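Starting from the known structure of chain A, fit chain B onto it as the hints suggest.
There are 2 protein chains.
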Amino acid sequence: MSNQALPSWNNGAAKSAILDFVARVTKEGGPDFVPPAERIATFDNDGTLWCEQPMQPQVFFLIDRVKQLAAKDPSLKDRQPYKALLEHSLKALHEQGKQGLMELAFATHSGMSEEAFDEIAKAWFASAKHPKFGRPFQNLTYRPQVELLEYLRANGFKTYIVSGGGIDLIRAFAEDAYGIPREQVIGSSARLRYELQDGRAVVMKVSELNSFDDREVKPANIGLHIGRRPILAFGNSDGDLAMLRYVKTGVGARLALLIHHDDDVREVAYDRDFRLSPLAEALDNAGEYGITVVSMKNDWKTVFAPGRAP
Amino acid sequence: MSNQALPSWNNGAAKSAILDFVARVTKEGGPDFVPPAERIATFDNDGTLWCEQPMQPQVFFLIDRVKQLAAKDPSLKDRQPYKALLEHSLKALHEQGKQGLMELAFATHSGMSEEAFDEIAKAWFASAKHPKFGRPFQNLTYRPQVELLEYLRANGFKTYIVSGGGIDLIRAFAEDAYGIPREQVIGSSARLRYELQDGRAVVMKVSELNSFDDREVKPANIGLHIGRRPILAFGNSDGDLAMLRYVKTGVGARLALLIHHDDDVREVAYDRDFRLSPLAEALDNAGEYGITVVSMKNDWKTVFAPGRAP
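Going down the list, the sequences are from chains A and B. So the first sequence is numbered by my numbering: it starts at 1 and just counts up by one. So the second sequence is numbered by my numbering: it starts at 1 and just counts up by one.
Bound conformation, chain A alone (with noise of 0.2 Å):
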């Protein structure tokens, strides 16, 4: 156990959790030796990689998306769900619960190709910032959170992204956000459609849910992407209890972490009021799931990436 490992982490029964496990499981002809390929990880991102305050960055995203479609048809500014995104009514967005979002969020960005997709969302992150923050979304990701990726990496392990946030949104800054590749990202998504468009083929994300990766989704969606119960997990909402609780009961040494937001000083305290995503089940019984809890007040010595956000 190294002294230079997670320096944005203060010393206390959270980090050492995390250092005893890496040790036990990587300790070759240990009783909890996990051999390499075994040694999966999944990360939420809403609120566990990033700040999801005061809406996850998904829905501003959305909304940039909205006032650019009605900027080419003007009609928009008077339908609802339109008009409620358009006039930034915070209450109506919340109104729409995490999964109304998501369906809005692929009646507005469907009808491309995820290439097409793709630089759409990379146009935004260049240019796009945090309301409260004012720094664009993708350097409000949390520092410790980075630093532990890369310590599971330079562990052996292969760390992933579930999450309820669109897939193709995420992949398009998570790379360099997280050095997580895009394979490696599993979210929310549209059905997608083989299409020959002049000689060309595309794959089209059509206007239609195919999955809503959140709560009992989550570990459904591992076992179709990955195929392999992960032995670590991190969440911070009730939206990611499933997940750890299928990382929690499996065989062997097993981690889950659930970071709890109590730092109103450095973010934004909130759990079981955050509508938008809860947490109340998963910290009301964290300690009979076996969930370690994080505080982001005692347990980071850093949020942010300095230089990156306040």
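In case anyone wonders, no lab produced these hints; they're calculated from the structure. Model, not experiment: these values are computed from the prediction. Hints should not be assumed to be uniformly reliable.
It does not matter which identical chain is used: a pair holds within one copy or between any two.
Think about it this way: if two alpha-carbon atoms lie no more than 30 Å apart in a straight line, the pair counts; the simulated DSSO-like pairs of lysine-lysine are [said to hold, decoys possible]:
(1) LYS27 <-> LYS122
(2) LYS248 <-> LYS122
(3) LYS77 <-> LYS248
(4) LYS83 <-> LYS122
Coordinates of chain B only, in the frame set by chain A:
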């Protein structure tokens, strides 16, 4: 270009096309250079990486599974489609078509967790033998293809299987046979459902088709699982044509390959009349689509690994 590369391939146009392509995409500073992260190669499995005659090994697995089930429930012996399966009626089986067989497969090996299925599949691979060659099915992989997979990985490629076969059956042997890890296998799949059983979380295979990974669905599933357009693809039937065209019509250096089973001495000569997976349209249009046809008879020095198959 090493003279030692691909020793089981005869010198000729196909081998040159592969060696030239790999040299071009790996030459830093060259006009066709592709960064390692984008070096994705996708391979069909049945008939491309292993023998699919007289039927795909998946079908033999299905027959053996139905026998196991009929041992527990003898009434199955008098009911179709089980009757045809149990009587080894190849004609009746062929009449089901590839998708019908897949659906039968899901009906007979679902209702269990992914992990329980993996144990059943591994036990089958350990004992089942090919009816003609008398060897375990996983020993009927093509030696030139295993060499090609290794050669591509040695050149920074990430190798995937994209198969019409059941994803979890392939995962049970692909790592040992091909060096392809479970998470790099894409295939036909049953719907998956998260369940808590006595406090233990499991992912159950439900008796319902999630995706039949054939023809136009292959590129769509590549979009879902990988999120990048591969730069090399290898198939052997019309079921692979959409994937080959998706790869070949991408921007930049691309290689699409098609095995033609024209070797009746060392394997089986077949193409357009193989009802379970015909090759006709892809072969007839290979020139127009820029697909490199590989002759098993002329381009492969060896077909099966020595000591592993006749």
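Hint check results:
no.: 1; hint: LYS27 <-> LYS122; verdict: between (41 Å within a copy, 27 Å between copies)
no.: 2; hint: LYS248 <-> LYS122; verdict: between (35 Å within a copy, 25 Å between copies)
no.: 3; hint: LYS77 <-> LYS248; verdict: neither (47 Å within a copy, 42 Å between copies)
no.: 4; hint: LYS83 <-> LYS122; verdict: within (26 Å within a copy, 56 Å between copies)
Hint 3 from the list above is the single one not met by this structure.
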